[in-house]
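Q: Okay, here's what each chain looks like letter by letter:
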Amino acid sequence: MYSRELEIEVTVTGSLARVKLRGRLDTPGVDRVEAKFTSAVVPDGKNTVVDLSEVSFVASMGLRMFIGIAKALKRNNARMVLFAPQSQVNEIFNTVVLRDIVPIVVDEAEAVRFAVV
Amino acid sequence: MAQPEDFADRTTIFRRDDTLPAGVQEEFGHYLVVIGGTSLGRRLRLDEQPIIIGRDSSCDLVLASPDVSRRHCRLQLVAGEVFATDLRSTNGTYIDGKRAEESMLLPDGSILEVGQQVLKHERRSTREVKEAQELDRDLEKARNYVLSLLPTPISSGPFQAEWFIVPSATVGGDAFGYGPLDADRFASYLFDVSGHGVGAAMLSVSIINVLRQLALPGTDFGRPGEVLSRLNAMFQMENHNGMFFTIWYGVYNRTERTLVYASGGHHPAYLVSSDRKGVTPLTTQGALIGVQEERRFDEARVEVPPGSSLHLFSDGVFEIADKEGRQLGLNDFLPLLNQPPVEGRSEPQRVYQIVRTTARPGPLDDDFSYLVVKFA
Chain A
0 MYSRELEIEV TVTGSLARVK LRGRLDTPGV DRVEAKFTSA VVPDGKNTVV
50 DLSEVSFVAS MGLRMFIGIA KALKRNNARM VLFAPQSQVN EIFNTVVLRD
100 IVPIVVDEAE AVRFAVV
Chain B
0 MAQPEDFADR TTIFRRDDTL PAGVQEEFGH YLVVIGGTSL GRRLRLDEQP
50 IIIGRDSSCD LVLASPDVSR RHCRLQLVAG EVFATDLRST NGTYIDGKRA
100 EESMLLPDGS ILEVGQQVLK HERRSTREVK EAQELDRDLE KARNYVLSLL
150 PTPISSGPFQ AEWFIVPSAT VGGDAFGYGP LDADRFASYL FDVSGHGVGA
200 AMLSVSIINV LRQLALPGTD FGRPGEVLSR LNAMFQMENH NGMFFTIWYG
250 VYNRTERTLV YASGGHHPAY LVSSDRKGVT PLTTQGALIG VQEERRFDEA
300 RVEVPPGSSL HLFSDGVFEI ADKEGRQLGL NDFLPLLNQP PVEGRSEPQR
350 VYQIVRTTAR PGPLDDDFSY LVVKFA
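So the sequence lines, in the order shown, correspond to chains A and B.
Read in order, the letters of the first sequence are residues 0 to 116 in numbering that gives the first Met the number 0.
Read in order, the letters of the second sequence are residues 0 to 375 in numbering that gives the first Met the number 0.
The following block holds chain A by itself, in its conformation from the complex (with noise of 0.2 Å):
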């Protein structure tokens, strides 16, 4: 393999979802992950931060992942906080103006004032 594969890594505490992603979020990434993380967050309503530090790549894939959940979690009275994306990556966010649909930013404590408000 010439990069990593993605992982995934859930702990719920409480009404609170912390999501750790590391590697490539490219199509083969959302196929291995989008069910696990879907179903640990939507059903219940979990307010959800996500930890991007390790995330290399974000495809159209990834980005329709998390407008998806997102979407879904506001649907159920929840939100979704993505965190310390890598700057590659957060250009990426800036070209599709993803703040819009789901709130960015700098680290886990702020995502998670966000997420509880």
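Zero decoy hints are in this set.
Calculated cross-link-like contacts (lysine to aspartate or glutamate; reagent style EDC-like; alpha-carbon spacing at most 16 Å):
#1 A:Lys73 / B:Glu237
#2 A:Lys70 / B:Glu292
#3 A:Lys73 / B:Glu292
Using C-beta positions, here's what the derived DEER-type ranges look like:
#4 A:Ala108 / B:Gly79: 54 to 60 Å
#5 A:Ala108 / B:Gly324: 28 to 34 Å
#6 A:Thr12 / B:Leu146: 48 to 54 Å
#7 B:Pro152 / A:Lys73: 44 to 50 Å
#8 B:Ser124 / A:Asp43: 43 to 49 Å
#9 B:Ser124 / A:Ser38: 32 to 38 Å
#10 B:Ala375 / A:Lys73: 47 to 53 Å
#11 A:Val116 / B:Glu293: 22 to 28 Å
#12 B:Gly306 / A:Val116: 50 to 56 Å
#13 A:Ala108 / B:Asp137: 48 to 54 Å
#14 B:Pro152 / A:Val116: 50 to 56 Å
With the C-beta cut set under 10 Å, the calculated list includes, among others, these residues of chain B facing chain A:
#15 Phe244
#16 Thr245
#17 Gln291
#18 Asp365
The hints are simulated quantities; they were obtained by calculation from the structure and are not laboratory data.
Here a beta-carbon is modelled for each residue, glycine too, at the ideal position from N, C-alpha and C.
Once you've looked at the hints, dock chain B against the given chain A.
A: Coordinates of chain B only, in the frame set by chain A:
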């Protein structure tokens, strides 16, 4: 209102009988499939007889590409394993990104690179191959249909256009178009549906048909912001299997020598001066199309000096991983716009050639679409 009965209760699922008759053993073979470069989808079975790959017509697999040597490499099946031997080719033979210095094992699933040609080794049953060939034929028809919707290049006149497109799968979600709105104004656009493959291609066909037939009711196609707002209303992702798209749309007015444009979730297009020293990014930072209702899309305007070219492309052009696995981005790509033209290659082909040699082996991660419109 009364609901119809549950459709799932009335669904009948037909399953093909996959079982072989008793005593019949499936026959397996080793195959090479072209997955990148020319002759996409071509499949060749390997047997005990060695095969030679090269540009020469005497080779068993002829790859008519200038970067393939006349006799490039040899493949041979030895005790159930396939070995590749480079025949002192100019550009080398690579297996999963490593240059084959001598005879090297080509494992099942590995990628063989011969010049710009990319082949995959597959061990498949005869039945699997037959099914794959049927699917390939259907995909080829779909691919040809999508390509038939793209406009013909324009080589003379006040607006000239050339393009190059390579889907990462057999069909992709990128498309583009251009054409006159009236005697003075010329519209150009490129869009990129999320994901790739058949699902994305189906949505891209709907979008391109709307745009090429100017079929957005009550819309002035000379107003990019208005076009994007209408597309956004028409293609909400909830109604299109969760898919959205990015787009760049611009209208050049040759009397005023101005270009008015708007972008929705798309990286900038670039206006390149005739001497290639000036590269101006053109973006309005609009939202993704189909994600939020009731979006307004701003427009911007730029003057167009004589001989300038508009470069429109999808993110698959620059979001590539190189041979060392490093992820490249837009800033790595931009210096290519200043580089001189290459004799005998269109501008989009020149860029593709550089991207292809930079990227890791195998098909590109995303669709490659590149459109250049030149304003006299």
